[in-house]
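As a plain string of letters, each chain reads:
Protein chains: 2
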Amino acid sequence: MDRRDFLKTAGVGIVAAGAAAPTAALAKGKTYNWRMTTTWPPKSPVLMDACELFVKKVETMSGGRLKVQLFAGGELIPPLQTFEAVQQGTIQMGSSASYYWAGKVPEAQFFSTVPFGFNFQQMVAWLYHGGGLELWHEIYAPHGLIAFPMFNTGVQMGGWFRKEIKSLADLKGLKMRIPGLGGKILAKAGVNVTLLPAAEIYQALERGVIDATEWIGPFHDNIMGFYQAAKYYYYPGWHEPGTMGELIINKAAWDSLTPDLQEIIKCACAEITLWGLTAFESRNGAALQELIQKHGVKLRKFPKDVLDQLRKFSKEVYEEEAAKNPKFKKVYESFLAFQKKITPWAAISEKAFYDEMMG
Amino acid sequence: MDRRDFLKTAGVGIVAAGAAAPTAALAKGKTYNWRMTTTWPPKSPVLMDACELFVKKVETMSGGRLKVQLFAGGELIPPLQTFEAVQQGTIQMGSSASYYWAGKVPEAQFFSTVPFGFNFQQMVAWLYHGGGLELWHEIYAPHGLIAFPMFNTGVQMGGWFRKEIKSLADLKGLKMRIPGLGGKILAKAGVNVTLLPAAEIYQALERGVIDATEWIGPFHDNIMGFYQAAKYYYYPGWHEPGTMGELIINKAAWDSLTPDLQEIIKCACAEITLWGLTAFESRNGAALQELIQKHGVKLRKFPKDVLDQLRKFSKEVYEEEAAKNPKFKKVYESFLAFQKKITPWAAISEKAFYDEMMG
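Chains as they are written, first to last, in my numbering: chain A, 1 to 359; chain B, 1 to 359.
For reference, chain A alone in the conformation it holds in the complex (with noise of 0.2 Å):
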């Protein structure tokens, strides 16, 4: 081969936006008036303000073409029936997470997070280049709906305990706050898993009616106050290493948009994306210390046989998801292709960045 072309190689496969001349869709000058409810609380931070700013950018891009208005959770709609609104096309959009629709759709929990799963940079990685996002829009076309993934809450914590906990025999009977597949297992460890409201979290803490919780990192958690309640504050996170928001569109309402519109949506939800990873990323670190330092919590971190024992436990839940499942059993097959792909590289690469800038 000669060197001096040295990329002359056969380019990448790219995937094009279907560019089908939209010049004259657009010339048409239609005008979209749209509702977009969410699963956040109103004023929430970080969370709240990306859809805001979602909303804006679409707007702006589309020259005013596509108008949406928001509605923060429960100001039209239910936070938890945001599925089910936007399927029946009461509303055309929805900022939440797959997970909350585990009970429907169990293998959606895989677009969202899922204990030992990926981080951010390798979610993306599995959704744009491992098939991923061709599953989430597979996996949502029977419920009349297309996602794309728009925000990040980065690695999050492991939650506050009112005790240290020494080992996985510490972890038994102990009552905790948490959804989804990380309270399945925990379950195999003996943990009585219970589901709360984000409102009454704090005082369930802190009466002892549950004994620990978690939530979601730093900066939110310092807000929601459980210092207070509670002082061992665990990382890593193992049950959520980098939960990804998505943006759930109403199938017919998408269809009926124009190419540029579409295109519109999904790269302001890749901007969206950066901002809200980077605005947790760039907030956590003083709420930490501020928690540490002002409130005197004590940062733990989970002893390593109990986090051993947590991913044999998660591997069994997946697999007996998968037995009863075939849906669940092919999206998990695909990120536990794309996870054994990767994971060398991540060895010498962002493994080894960090444990160098560490020390």
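Source of the hints: derived by calculation from the structure; they are not laboratory data.
Intra- or inter-copy, both count: the list cannot distinguish identical chains.
Under the rule of at most 25 Å between Cα atoms (straight-line distance), these lysine-lysine pairs were calculated in the DSS-like manner:
1. Lys341 <-> Lys294
2. Lys30 <-> Lys67
3. Lys298 <-> Lys341
4. Lys341 <-> Lys231
5. Lys341 <-> Lys301
6. Lys340 <-> Lys304
Take the given structure of chain A and dock chain B to it, following the hints.
Coordinates of chain B only, in the frame set by chain A:
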């Protein structure tokens, strides 16, 4: 505080897009025919693919009102004259990396990558939430340019060596091809630093004219065939921990765009950044396996004392540059402050994730 209102605290300030009634401007239907050059050779995998995808997405989103004719490096403008060509307005846009302009604008290097600097996630956090992007615009303004982040290579590799590096002494007298700040730092370790155009590196390495070279990462390095001339392949890429590409735009041309087209360019850049970063992430693993298993490459980690010394030299280099250049000092101080702010969080989030993932 009433915890039922848990997230009703003042929202994080958002940087809203200037959405001043763009409908009128759009209705005029003005069409822009722009040209874009790059610093990448024709058909460069991932790099030119990303540029093609960008151009298509911009054309789609604008409904054909912003058409961009794309040229690879050398097709219209020599690669390293991209800065001047865009500055003079000969062409309107360029895809490159800001460290190529170190000779003219040394402080611009912080917006691509610097040794022992940010990885992808941290770089985006600094640009979006740490004042980095504003600084970038301030630094480019006197040159008649504006820039936005567009794609990222992720963590690069440390380079190819004909002999094993067991200590700092092994670097002394070595002839290595490495540009920029990385080269200045290695010079302090006694390395004989040299610069060669891409097309000449392989032959120089094979003939022993140089003893070592760095390039990008497994996917691109494999195509270059370096494994035939050197067997030791080192990590981590301490000198390029997450190189950010840039889209540079002639400022007068940018100012002539309506707000919808400006926002379209910005969001297309974000989408291409995610696509590009993860194109590298998803291809490097397989290429690394091929290099090791098929081509007998010996993967090595730089010894800790070598990295510690290089980190020490890097601080000396930055302080020397800062002492003679107030703009370099200003950007360096912003970079340092942000790095200090986010490091404690990185330690218990991303680093802890990788530690757990790799067992």
